[in-house]
Amino acid sequence: MNAVRAKLAQARIRERLRRVQTGNFGDCEPVGEGVIELRVHIGAGYRVYFGRYGSALVLLLSGGDKRSQPDDIRRAKEHGANWKRRNT
Numbered sequence: 001m002n003a004v005r006a007k008l009a010q011a012r013i014r015e016r017l018r019r020v021q022t023g024n025f026g027d028c029e030p031v032g033e034g035v036i037e038l039r040v041h042i043g044a045g046y047r048v049y050f051g052r053y054g055s056a057l058v059l060l061l062s063g064g065d066k067r068s069q070p071d072d073i074r075r076a077k078e079h080g081a082n083w084k085r086r087n088t
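According to full-length UniProt numbering, the sequence shown is numbered sequentially starting from 1.
Hints were generated in silico from the structure; no laboratory data involved.
Yeah, the Cβ is synthetic: ideal placement off N, Cα and C, and Gly gets one too.
Hints are supplied without guarantee of correctness; some may be wrong.
Keeping only pairs whose Cα atoms sit at most 30 Å apart, straight-line, the calculated DSSO-like set for lysine-lysine is [what the hints assert, rightly or not]: (1) 66 / 7; (2) 77 / 66; (3) 7 / 77.
Computed beta-carbon distance windows for the label pairs [what the hints assert, rightly or not]: (4) 86 / 11: 14 to 22 Å; (5) 6 / 60: 14 to 22 Å; (6) 43 / 85: 32 to 40 Å; (7) 71 / 42: 16 to 24 Å; (8) 18 / 43: 17 to 25 Å; (9) 45 / 86: 13 to 21 Å; (10) 8 / 82: 14 to 22 Å; (11) 15 / 88: 19 to 27 Å; (12) 66 / 17: 14 to 22 Å; (13) 69 / 19: 17 to 25 Å.
Let the hints inform the model, and build the full structure from the sequences given.
Below, the structure written as structure tokens:
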């Protein structure tokens, strides 16, 4: 979160994550291998990547903006695969 310089963008991202905690995932899209992209419509087009494992666990895997999207998705998939390998 420290990489996001704009305070308003940080606040919007935190608000979206609070909504996820209550089960409201909003604007999100699966990107493959169990990874889901949560889109935050402000500034650079921020993205948060997470995996949903089991009925209750949501694991944050990575984040970035529209410019770094392909690398962020790849990194999130790697983190998700590593987590699954260690925990299943």
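Worksheet entry | Non-conforming hints, listed in increasing numerical order | Of the numbered hints, 4, 9, 10, 11 do not hold.
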